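Chemist: Each chain is listed here by its residues.
Number of protein chains: 2
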Amino acid sequence: MSKIDPAKIWSLNHRLLMAVISSVAAELADLGLETKELFVLAEVDEHPYPAELAASLCIPKPSVTLYVKRLEAAGFLRREIDTEDLRRHRLQLTPAGRKVMQQGTALLSEAYSERLGRLSAAQQSELRVLLEKML
Amino acid sequence: MSKIDPAKIWSLNHRLLMAVISSVAAELADLGLETKELFVLAEVDEHPYPAELAASLCIPKPSVTLYVKRLEAAGFLRREIDTEDLRRHRLQLTPAGRKVMQQGTALLSEAYSERLGRLSAAQQSELRVLLEKML
DNA sequence: TGGAACTGGTTTAATTTGGAACCAATTTCC
DNA sequence: GGAAATTGGTTCCAAATTAAACCAGTTCCA
Chain S
0 MSKIDPAKIW SLNHRLLMAV ISSVAAELAD LGLETKELFV LAEVDEHPYP
50 AELAASLCIP KPSVTLYVKR LEAAGFLRRE IDTEDLRRHR LQLTPAGRKV
100 MQQGTALLSE AYSERLGRLS AAQQSELRVL LEKML
Chain R
0 MSKIDPAKIW SLNHRLLMAV ISSVAAELAD LGLETKELFV LAEVDEHPYP
50 AELAASLCIP KPSVTLYVKR LEAAGFLRRE IDTEDLRRHR LQLTPAGRKV
100 MQQGTALLSE AYSERLGRLS AAQQSELRVL LEKML
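Top line first, the protein sequences correspond to chains S and R. Quick note on numbering that gives the first Met the number 0: the first sequence kicks off at 0 and runs consecutively. Quick note on numbering that gives the first Met the number 0: the second sequence kicks off at 0 and runs consecutively.
Calculated from the structure, these hints are not laboratory results. The structure presented is a predicted model; accordingly, all values stated were derived computationally and were not measured. Some hints could be false.
Unchecked claim - So the derived label-pair ranges between C-beta atoms look like this:
1) R:S55 x S:A105: 28 to 38 Å
2) R:A105 x S:A105: 35 to 45 Å
3) S:M17 x R:E71: 21 to 31 Å
4) S:A95 x R:E71: 46 to 56 Å
5) S:P94 x R:S55: 41 to 51 Å
6) S:D29 x R:A95: 44 to 54 Å
7) R:K60 x S:S22: 12 to 22 Å
8) S:S119 x R:S55: 20 to 30 Å
9) R:A72 x S:K35: 29 to 39 Å
10) R:R14 x S:R77: 19 to 29 Å
Unchecked claim - Okay, derived cross-link-like pairs now, DSS-like style, lysine-lysine, Cα gap no bigger than 30 Å in a straight line:
11) R:K60 x R:K98
12) R:K98 x S:K7
13) R:K7 x S:K35
All C-beta atoms in this analysis are idealised placements derived from N, C-alpha and C, irrespective of residue type, glycine included.
With these hints in hand, go ahead and build the complete structure from the sequences.
Modeler: Given below as structure tokens:
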């Protein structure tokens, strides 16, 4: 077995993730979503404030501002000023937003599963174990 | 075993990779490298032509043009017209380029190892094999 | 109190990115 | 041979990204 270069693993892993996401980009666009926007939608329940989203998703605040603006314009998100702290904008999925979020994550899951399908069942569970351990 | 949505795994995995790479961005900059440029340098031995690099790294050709230009200007890369096919530019690491590439990948490896360290050596090998198969 | 420091979010401006069109060299095929 | 199709690489430009400066609301603390 060749020696393990972690940087090589990082790179392979990264390429895989990019290949998967770009393979669903077109279908996401049909739903009216950019890929980055999907991540925002998928994270809103857990982190309903833009500042939290930026921290959680590791994207800069101005980007969050932009994505939220577009998602709101598309009717996928509502925002209301938090009565506790007037600086904060509490975000909430609309029914349409929840639906499209679920469809989007289903697409991503399907695409990733397709890659996972190249592995045996045993290898799939092994991979899951390894990733869970690292996360 | 808990049921985990593949899209969720994708997302967590992505965040992990981004966190790792951004944690070394500053040190890479000290070496005179952008993160994308490091990937180019690290791949030149295996894929010495820009078109191959673009395909292999999943980045658009114009970006490769730019990175190669900067890496050449920095003295990390040399290019020579291929005598077999005058369209092709054969790329080659300079000694300085090889050194900085090794230092850069060492930094990335170190940062990623912090996470990989949660796996046994055998598991690390396994992970690499699985990722290569999925790519 | 009240002002200094901090936090949430936006705007601005500069940089980075990448699709499309492009040129030159090579290959294909009649 | 030579026109048509391909391939390698670059340039152009429009779109995406983001650091820096900014405003408004909140907290801290003398």
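Chemist: Taking the beta carbons of S:A95 and R:E71, is their distance inside 46 to 56 Å?
Modeler: Cβ of S:A95 to Cβ of R:E71: about 50 Å, so the range 46 to 56 Å holds.
Chemist: Is 44 to 54 Å respected by the C-beta to C-beta distance linking S:D29 and R:A95?
Modeler: 48 Å, holds
Chemist: Would you say the C-beta atoms of S:M17 and R:E71 sit inside 21 to 31 Å of each other?
Modeler: Roughly 25 Å apart at Cβ, these two residues keep to the hinted range, so it holds.
Chemist: Take the C-beta atom of R:K60 and the C-beta atom of S:S22, compute their distance, and say whether it sits inside 12 to 22 Å.
Modeler: Holds, since R:K60 and S:S22 (Cβ atoms, about 20 Å apart) stay within the stated range.
Chemist: Are R:K98 and S:K7 close enough, with their CA atoms no more than 30 Å apart?
Modeler: 17 Å, holds
Chemist: For the pair R:A105 and S:A105, does the Cβ-Cβ distance stay inside 35 to 45 Å?
Modeler: 40 Å, holds
Chemist: Hint says 41 to 51 Å; check whether the CB-CB distance for S:P94 and R:S55 agrees.
Modeler: Given about 43 Å between the Cβ atoms, the range holds.
Chemist: Against the range 28 to 38 Å, how does the distance between the Cβ atoms of R:S55 and S:A105 compare: consistent or not?
Modeler: 30 Å, holds
Chemist: State, for the Cβ atoms of R:R14 and S:R77, whether the hinted interval 19 to 29 Å holds or is violated.
Modeler: Taking Cβ atoms as reference, R:R14 and S:R77 lie about 26 Å apart, which means the hint holds.
Chemist: Given the range 20 to 30 Å, decide if the beta-carbon distance of S:S119 to R:S55 lies inside it.
Modeler: Holds: the Cβ-Cβ distance is about 26 Å, inside 20 to 30 Å.
Chemist: With the threshold set at 30 Å, check whether the alpha-carbon distance from R:K7 to S:K35 stays at or below it.
Modeler: Given pair R:K7, S:K35 holds - Cα atoms ~14 Å apart, limit 30 Å.
Chemist: Within 29 to 39 Å: is that where the Cβ-Cβ distance between R:A72 and S:K35 falls?
Modeler: Since the Cβ atoms of R:A72 and S:K35 sit about 32 Å apart, the hinted range of 29 to 39 Å holds.
Checked against the numbered hints above, the structure breaks none of them.
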